[in-house]
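Residue numbers (the working numbering), protein chains in the order written: chain A, 162 to 695; chain B, 78 to 435.
Keep in mind that the hints are not guaranteed to be accurate.
Pairwise CB distance ranges, derived in the manner of DEER restraints [to be verified]: (1) B:Ser383 x A:Leu317: 38 to 46 Å; (2) A:Ser501 x B:Phe93: 15 to 23 Å; (3) B:Leu251 x A:Cys587: 29 to 37 Å; (4) A:Cys587 x B:Asp189: 18 to 26 Å; (5) A:Leu171 x B:Phe93: 21 to 29 Å; (6) A:Arg584 x B:Phe93: 27 to 35 Å; (7) B:Leu251 x A:Leu188: 56 to 64 Å; (8) A:Ser501 x B:Asp189: 35 to 43 Å.
The hints are simulated quantities; they were obtained by calculation from the structure and are not laboratory data.
Glycine residues also receive a C-beta, built at the ideal position from the N, C-alpha and C atoms.
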Amino acid sequence: MVNSMRPPLLLIAAAVVSVAVAAIPLLYLLVRTSSAGWNAVVEALFRDRTLETTITSVALVTLVIVGCLVIAVPTAWLLARTNIPGRAFFLVIAALPLAVPSYVMAYAWIAEFPSMSGIGAAALVMVLATYPYVAIPLTAALRSIDAGHEEAAQSLGLGPLAVARRVSLPLARPAAAAGVLLAALYTLSEFGTVAIFRVDAFTRVIYTAYRASFDRTTAAVLSLVLVCLALLLVVIEARIRGKSQRWRIGSGVSRPAPRQQLRTRGTVLGVAWLVGVAVLSLGVPAWSLTRLLLESQRSELDIGELVGAVVGSVSSSMLGAALALLLALPIAALAARYRSRIVRSIEGAAFLGHALPGVVVGLSLVFFTLAVLPAAYQTLAVLAFAYAVLFLPKAIGSSRSAIAHVPPGLESTARSLGRGPLRAWCTVTGRLAWPGIAAGTLLVFLTAMKELPATLMLRPTGFSTLATELWSRTEIEAFGSAAPYALTMIIIASVPAWLMGRWLARSPETAPSTDRVDDEMVRTDEVAYVGGVR
Amino acid sequence: MTTSPAVPQLSLQNIFVGYGGPMVVRDVTMEVEQREFVTILGPSGSGKTTLLRAIAGYLRPATGIVTIAGTIASNERTWLPPERRQIGIVPQEGALFPHLDVAGNIAFGLRDKKKARARVTEMLEMVDLSGLEKARPHELSGGQQQRVALARALAPAPSLVLLDEPFSSLDASLRFDVRTQVRRLLADIGTTAVLVTHDQEEALSMADRVAVMSAGRIEQVGAPWTVYDDPTTLNVARFIGDLVELPVTEMQGASAHTAVGWVPIRDHSESESSSGRVVLRPEQLVLVAERGVGPDPQGVPGTVESIRYHGHDSLTSVRLNDGPLVDVRSAGGAGVAVGDVVRVVVTGTARMFADPVV
Chain A
162 MVNSMRPPLL LIAAAVVSVA VAAIPLLYLL VRTSSAGWNA VVEALFRDRT
212 LETTITSVAL VTLVIVGCLV IAVPTAWLLA RTNIPGRAFF LVIAALPLAV
262 PSYVMAYAWI AEFPSMSGIG AAALVMVLAT YPYVAIPLTA ALRSIDAGHE
312 EAAQSLGLGP LAVARRVSLP LARPAAAAGV LLAALYTLSE FGTVAIFRVD
362 AFTRVIYTAY RASFDRTTAA VLSLVLVCLA LLLVVIEARI RGKSQRWRIG
412 SGVSRPAPRQ QLRTRGTVLG VAWLVGVAVL SLGVPAWSLT RLLLESQRSE
462 LDIGELVGAV VGSVSSSMLG AALALLLALP IAALAARYRS RIVRSIEGAA
512 FLGHALPGVV VGLSLVFFTL AVLPAAYQTL AVLAFAYAVL FLPKAIGSSR
562 SAIAHVPPGL ESTARSLGRG PLRAWCTVTG RLAWPGIAAG TLLVFLTAMK
612 ELPATLMLRP TGFSTLATEL WSRTEIEAFG SAAPYALTMI IIASVPAWLM
662 GRWLARSPET APSTDRVDDE MVRTDEVAYV GGVR
Chain B
78 MTTSPAVPQL SLQNIFVGYG GPMVVRDVTM EVEQREFVTI LGPSGSGKTT
128 LLRAIAGYLR PATGIVTIAG TIASNERTWL PPERRQIGIV PQEGALFPHL
178 DVAGNIAFGL RDKKKARARV TEMLEMVDLS GLEKARPHEL SGGQQQRVAL
228 ARALAPAPSL VLLDEPFSSL DASLRFDVRT QVRRLLADIG TTAVLVTHDQ
278 EEALSMADRV AVMSAGRIEQ VGAPWTVYDD PTTLNVARFI GDLVELPVTE
328 MQGASAHTAV GWVPIRDHSE SESSSGRVVL RPEQLVLVAE RGVGPDPQGV
378 PGTVESIRYH GHDSLTSVRL NDGPLVDVRS AGGAGVAVGD VVRVVVTGTA
428 RMFADPVV
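Isolated chain A (complex conformation):
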């Protein structure tokens, strides 16, 4: 239930402050760009390179979208609608690539095939890294189609293929579309993979412009163009997500549609397909990494450096997660309980973070600290702030749905039993929602550990993290000595998937919900977010 009362002023004030703070990078980027003067901006905008970069980025994103659909649609159909053996196993396999940061995957591929480069290579790796964003929600959607719909279509004279084309796939389309856009957004913001394969997409061009030249207006203008493209994807994604929610009205008790019984030939082909996808997305990276690790024992591994990188990753990410929680809580508490124009715009503004690539936040905060707070330039605090801004939507999303699952009646009952507003919130709503809030914070922490471009731009001199160490070694093609860092990274990145799974399995008891269907859908969303948009 959403409270129709006016929200407390203090809560709105806190949320507005949070949003304003989180908006600093974007706002400052606008300020910085406009201060360069109209002519400089126009000149940068209409340079040939701007157009080339746009074409490259759009082409890469298009390739990734097509590739994701090609892999995800048959995979999801096999897992959701056939009796193929080992479905549970293959479902886990389909989710696992989310645990491998995409530039780690790119590193594993290039270490195995050093001649790989260009847009095709980048697209291949991005597809293998992001197809779970499409496959997992699509599997869930195909699974949740009510048998009644398909039976009705059959009774109206449609054959099996026509049923799939005219009923089942359209019903699953919103889920697939949302997933595709997520993969597209991820690709647009990706820095590591694009740089490893030397593709001149926005992120690499911006980074190079920032590093190499003193013409930072170009970097700023390109950043704004990138943000606009990303914003477009975020808005479309949000539209589709909203629409898909309206599509699952009339919950009731639905009967899952029956699975198609595959014959021997179909089973063999299906298993071959699933194994093939698994080999490409997990087998090759695993093989490459194992080989490199075995070889790197011969070369020297500096344990001290590895520990230093872990400490750097953990400390900066922890600080970032704490800051994100601080900014997210007032917004989540507000958005979970109240619906008004102010609340919607606050929430919408906070979600703009989805459209801010790490490169852009990094660049803007470099400008900002140099111009406004020189003392803060290249300090841990600014790096943590960048993480908080980048991953604020994750912290809000998780906390918000956890808070929304606590019936508001509980809190008002606590009020009538003599507890003031803040105490009632903490002892009842906050207490019941804390697994979700904690999971959101953990998610920010673990995603921040994987962040690369902003870390490269903002870290204090001499400060290293797992991501930066892996990066500097890959850059000089010291693949063997990078392997331990990649492995540590994968282990750390797998933790959120595992913890999240445990938390999601437990949550129905902690937060009782009358609407199980909705619950399931929320979970699918959150699983899709585990890997993060960056």
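Given the coordinates of chain A, assemble chain B onto it according to the supplied hints.
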């Protein structure tokens, strides 16, 4: 809280409540005496839960004065938040805290943690759930949950308890028992209670007084039998119980002529317009078999169209020869069959209302 008996436990004066749009509660004025049990009865959307939330302090009325035990809880200038009103609330579906056991739920509102244990034991005894201190809410049946919710509301010894459709989630057989228990318990400890419901049987059977709400207004407040037998508005008459509505064809003094014959009108004033409708309860009509009537037959003739048999009584729909269909209630079976020709006789007096403006 001790107050002199003259002070009502709850007083509402000209309360208006809205959510920013049109007012949902309009000009409600009523008082609830100490130790009284009042039910607010109304269809869904009538504003009764909104009124309850305004009394509890979850909503601030747009205008009007809420006074609890002589203390102003809400008017134009002052507003007591819910935690300072000392009102016990039993919400719909219980709303027990799922992260606390039964003892934790009941002790939630107790300030003195040292005495809490004894109080929890006492409360559990009172609601007949001794020994369930360590049980979790989801392990309890619906009726048990509801009783724990009541114990939780009563534990801090509030002087006023608000119950928001507390029995609607229980199944019919359980509902009756829990209702009886709750009513007796509240009477025993002498707590003032306001219960909101859309279930007229619940409202009539539990209350000292019933307030009937419709479209945000309280249309009538009175003893259960008063609102049933003597509704002051057509809305109230229609909302409570079954109704026979008949247009008046002719007036003679305080008697109105209708399709079932002459009916004496209660509280008739000459100034009232002579057109309108008479409302009767089905039990005011009596069936007489057509055969064996004397030369001066009573009542008006008609044909039985349908019979709804409920065991303890039955409702017979009779199509009068003049046209209208009337329901007649008989104790037990009606002793007639569909198609029988019968006569309908009216007993007692009725109220007459002006035709509603369409």
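- Message: Taking the Cβ atom of Ser501 (chain A) and the Cβ atom of Asp189 (chain B), is their distance within the range 35 to 43 Å?
- Response: holds, 40 Å
- Item | Distance restraint evaluation - Ser501 (chain A), Phe93 (chain B), Cβ atoms, bounds 15 to 23 Å | About 21 Å separates the Cβ atoms of Ser501 (chain A) and Phe93 (chain B), which means 15 to 23 Å holds.
- Has the hinted range 18 to 26 Å been met by the Cβ atoms of Cys587 (chain A) and Asp189 (chain B)? For Cys587 (chain A) and Asp189 (chain B) the Cβ distance comes to about 21 Å; the hint holds.
- Between Leu251 (chain B) and Cys587 (chain A), does the C-beta distance stay in 29 to 37 Å? holds, 35 Å
- Task: Go ahead and decide if the range 38 to 46 Å is satisfied by the Cβ distance of Ser383 (chain B) to Leu317 (chain A).
- Result: holds, 40 Å
- Message: For the hint 56 to 64 Å, verify it against the beta carbon of Leu251 (chain B) and that of Leu188 (chain A).
- Response: holds, 60 Å
- Item | Hint check for Phe93 (chain B) and Leu171 (chain A) - Cβ pair distance inside 21 to 29 Å | holds, 26 Å
- Message: Holds or violated: the 27 to 35 Å window for the beta-carbon distance between Arg584 (chain A) and Phe93 (chain B)?
- Response: The hinted range 27 to 35 Å holds for Arg584 (chain A) and Phe93 (chain B), with Cβ atoms some 31 Å apart.
The structure is consistent with each of the numbered hints, conforming to all of them.
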